[in-house]
Amino acid sequence: MKALLAVYRAQLKTSFLMYLQYRASSVLWLLGMVLEPVIYLVVWSTIAGANGGAVDGYTAGDFAAYFLVLLLVNHLTDNWVYYEFQERVRQGLLSPLLLRPIHPIHADIAQNLTYKFMMLVVMLPTAGALGLVFHPTASITPLSLLLFLPSLVLAIAIRFLVEWSLGLTAFWTTQMSAVIQVYYVGLFFLSGQMGPLALFPAPVQVLAQLLPFQWMLAFPVQLLLGQLDQHAIVLGLIAQTIWLCLSLAMMTVLWHRGLRRYSGMGA
Amino acid sequence: MGHSCAIDMCNLSKHYTVSRRDAGLKAALRSVVRRATSQVVAVDGITFHLAPGEIVGFLGPNGAGKTTTLKMLAGLLYPTTGTATVLDYVPWRRERAFLQQIALVMGQRNQLQWDIPAIDSFALNQTIYRIDPSAYRRTLDELTELLDLAPLLTKPVRTLSLGERMKCELAAALLHRPRVLFLDEPTIGLDVTSQRRIRTFIAEYNRRSEATVLLSSHYMADVEALCRRVIVIHHGQILFDGNLRELAQRSSSYKTITVQTPDEPSRLASFGEVISREEGQVKLRVPKAATASVVQRLLEECAISDLTIEDPPIEQVIEQIFAQGVVA
Chain A
0 MKALLAVYRA
10 QLKTSFLMYL
20 QYRASSVLWL
30 LGMVLEPVIY
40 LVVWSTIAGA
50 NGGAVDGYTA
60 GDFAAYFLVL
70 LLVNHLTDNW
80 VYYEFQERVR
90 QGLLSPLLLR
100 PIHPIHADIA
110 QNLTYKFMML
120 VVMLPTAGAL
130 GLVFHPTASI
140 TPLSLLLFLP
150 SLVLAIAIRF
160 LVEWSLGLTA
170 FWTTQMSAVI
180 QVYYVGLFFL
190 SGQMGPLALF
200 PAPVQVLAQL
210 LPFQWMLAFP
220 VQLLLGQLDQ
230 HAIVLGLIAQ
240 TIWLCLSLAM
250 MTVLWHRGLR
260 RYSGMGA
Chain B
0 MGHSCAIDMC
10 NLSKHYTVSR
20 RDAGLKAALR
30 SVVRRATSQV
40 VAVDGITFHL
50 APGEIVGFLG
60 PNGAGKTTTL
70 KMLAGLLYPT
80 TGTATVLDYV
90 PWRRERAFLQ
100 QIALVMGQRN
110 QLQWDIPAID
120 SFALNQTIYR
130 IDPSAYRRTL
140 DELTELLDLA
150 PLLTKPVRTL
160 SLGERMKCEL
170 AAALLHRPRV
180 LFLDEPTIGL
190 DVTSQRRIRT
200 FIAEYNRRSE
210 ATVLLSSHYM
220 ADVEALCRRV
230 IVIHHGQILF
240 DGNLRELAQR
250 SSSYKTITVQ
260 TPDEPSRLAS
270 FGEVISREEG
280 QVKLRVPKAA
290 TASVVQRLLE
300 ECAISDLTIE
310 DPPIEQVIEQ
320 IFAQGVVA
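Residue numbers (numbering that gives the first Met the number 0), protein chains in the order written: chain A, 0 to 266; chain B, 0 to 327.
Since the hints were made in silico from the structure, they are not lab data. Glycine included, each C-beta is placed from N, C-alpha and C at the ideal position. Treat the hints with care, since some could be wrong.
[Claimed, not checked] Pair by pair, the computed Cβ-Cβ distance ranges are:
no. : chain 1 : residue 1 : chain 2 : residue 2 : range
1   : B       : Glu94     : A       : Val252    : 12 to 22 Å
2   : B       : Thr80     : A       : Leu148    : 50 to 60 Å
3   : A       : Thr251    : B       : Arg244    : 47 to 57 Å
4   : A       : Leu27     : B       : Thr158    : 43 to 53 Å
5   : A       : Lys115    : B       : Glu144    : 35 to 45 Å
6   : A       : Val132    : B       : Ala26     : 56 to 66 Å
7   : B       : Thr158    : A       : Val42     : 41 to 51 Å
8   : A       : Phe15     : B       : Glu94     : 27 to 37 Å
9   : B       : Ala26     : A       : Leu4      : 46 to 56 Å
10  : B       : Thr158    : A       : Leu142    : 51 to 61 Å
11  : A       : Ile139    : B       : Arg137    : 52 to 62 Å
12  : B       : Glu144    : A       : Glu83     : 41 to 51 Å
13  : A       : Gly185    : B       : Thr199    : 36 to 46 Å
[Stated by the list, open to error] To give an idea of the interface, some chain B residues facing chain A are shown, with a C-beta separation under 8 Å as derived from the structure:
no. : residue
14  : Asp131
15  : Ala134
16  : Arg195
Here chain A stands alone, though its shape is the one from the complex:
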């Protein structure tokens, strides 16, 4: 455990040095990351205004709070391990990683964490500035803040493991690309990044309950903002725990099968 921590510390430092090399692309990335929720926020606020101030109880201030917290949570749960892994397998970069006496996922986790914390330095002021423009309203209590933290960690872990597993499909190449498409469509429509899921038709809400997407994003956001009742909070934390176990199992199975497969292709 101590040795693993040392590896994480070293990997964090290495990643930090790496990212410092890419300041320009980081700024562009930030722009894209911020623009999307701001557009949704403007759209929903306009609808609320035209609707006499609220949509199903959500005021313009509620939307502002939702999308600003979503911006931060999305940043913290987002990752690009899927693309990274695909490239790795395609270009034969995985073999050197397999020679090391450590599971390659650790380097990815450490890299991902570094990036998140680094970018938080610009992300938080950006969210603050947007707050001054859009006037969010929310009732954040100490309890909701306390419960938000584990739900955020679970959301980060689930999304990371699911997308790392998707990356592993590179071993099966094109046969799996349809699955990937379905995942990204699901993430787009059912994670809550377009707006609070409560505003969607009932069948969509049921579907969202059964799939992992909202547990990776919308759930911690609404939990923090006090937009969920006690029942929904408990249900959500249970759902997150189940998805964590499922994604961990999926990752482990795909990893072992994938390595066999990789070996069959000649590594």
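Based on the hints, put chain B in the right spot on chain A.
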């Protein structure tokens, strides 16, 4: 410790499944529905052993099965059949203790992070391989001196030349002082000076650390300089395993006779095939069995001031073996 064998194997084979399709759009569309696959035998039942501290050259043309064998021994590939142990570990189980004691250096694919200086990647390796700080310091100093790394360590790896990068890659792979070292074409694409440098270094590393080294290379110069023993592989099978000089002697059916003579070279053509002629010096290629009688006749019939008999260059011998697929 006392391993009787550093590398041991029995009947090791590896078959790949490759998808196959004809050229053209029609074939591409067909392959969407039905993927035709076929088996390729990359390694076909090979057996050899390496004693601790040995340094052995692994020779064969492209596609002979060298890299596949090295990858199996380094734990990257599961064999289709057969068994192997490296330092008494089964490589493809990839146990931590095994991975901490070996290294595989491939000419192209790499350990170093592209965007940061090598020294930062080295520091990461130190923690990953759990290298004790003082041992790390010592090894790094030694490698820095042997490979002349000092000016390279603090530059981002992407700004290094191929030769400089390869030196850093080698150092990265050796920081944990592997007891078994697999080198797959370590000098590929390097200029002659860099090749020589890497070669000298490998010999020195082998001498100092008593590591077992299995080295594949296209360059006979690498093998000649480093390895007394060679293993020749072709179409996945071992053609020869033994002394390099013996291989040369056994496989060449010709000898080269060089004579110093004022005589007209065309006259000498009756003794054998004239392969070169310079001022007063002619090189003749003659069948091995006829060497003695040709030399005798030459001395009797021509005005010879000097005469030498040589085996053909090893490079030529190997080329001939690869072309014919047999060792005489």
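Against the structure, the hints:
{"no.": "1", "hint": "B/Glu94 x A/Val252: 12 to 22 Å", "result": "21 Å, holds"}
{"no.": "2", "hint": "B/Thr80 x A/Leu148: 50 to 60 Å", "result": "53 Å, holds"}
{"no.": "3", "hint": "A/Thr251 x B/Arg244: 47 to 57 Å", "result": "52 Å, holds"}
{"no.": "4", "hint": "A/Leu27 x B/Thr158: 43 to 53 Å", "result": "24 Å, violated"}
{"no.": "5", "hint": "A/Lys115 x B/Glu144: 35 to 45 Å", "result": "40 Å, holds"}
{"no.": "6", "hint": "A/Val132 x B/Ala26: 56 to 66 Å", "result": "57 Å, holds"}
{"no.": "7", "hint": "B/Thr158 x A/Val42: 41 to 51 Å", "result": "47 Å, holds"}
{"no.": "8", "hint": "A/Phe15 x B/Glu94: 27 to 37 Å", "result": "31 Å, holds"}
{"no.": "9", "hint": "B/Ala26 x A/Leu4: 46 to 56 Å", "result": "53 Å, holds"}
{"no.": "10", "hint": "B/Thr158 x A/Leu142: 51 to 61 Å", "result": "53 Å, holds"}
{"no.": "11", "hint": "A/Ile139 x B/Arg137: 52 to 62 Å", "result": "55 Å, holds"}
{"no.": "12", "hint": "B/Glu144 x A/Glu83: 41 to 51 Å", "result": "36 Å, violated"}
{"no.": "13", "hint": "A/Gly185 x B/Thr199: 36 to 46 Å", "result": "58 Å, violated"}
{"no.": "14", "hint": "Asp131", "result": "12 Å, violated"}
{"no.": "15", "hint": "Ala134", "result": "15 Å, violated"}
{"no.": "16", "hint": "Arg195", "result": "26 Å, violated"}
Figure legend: structure checked against the earlier numbered hints; hints not met, in rising order: 4, 12, 13, 14, 15 and 16.
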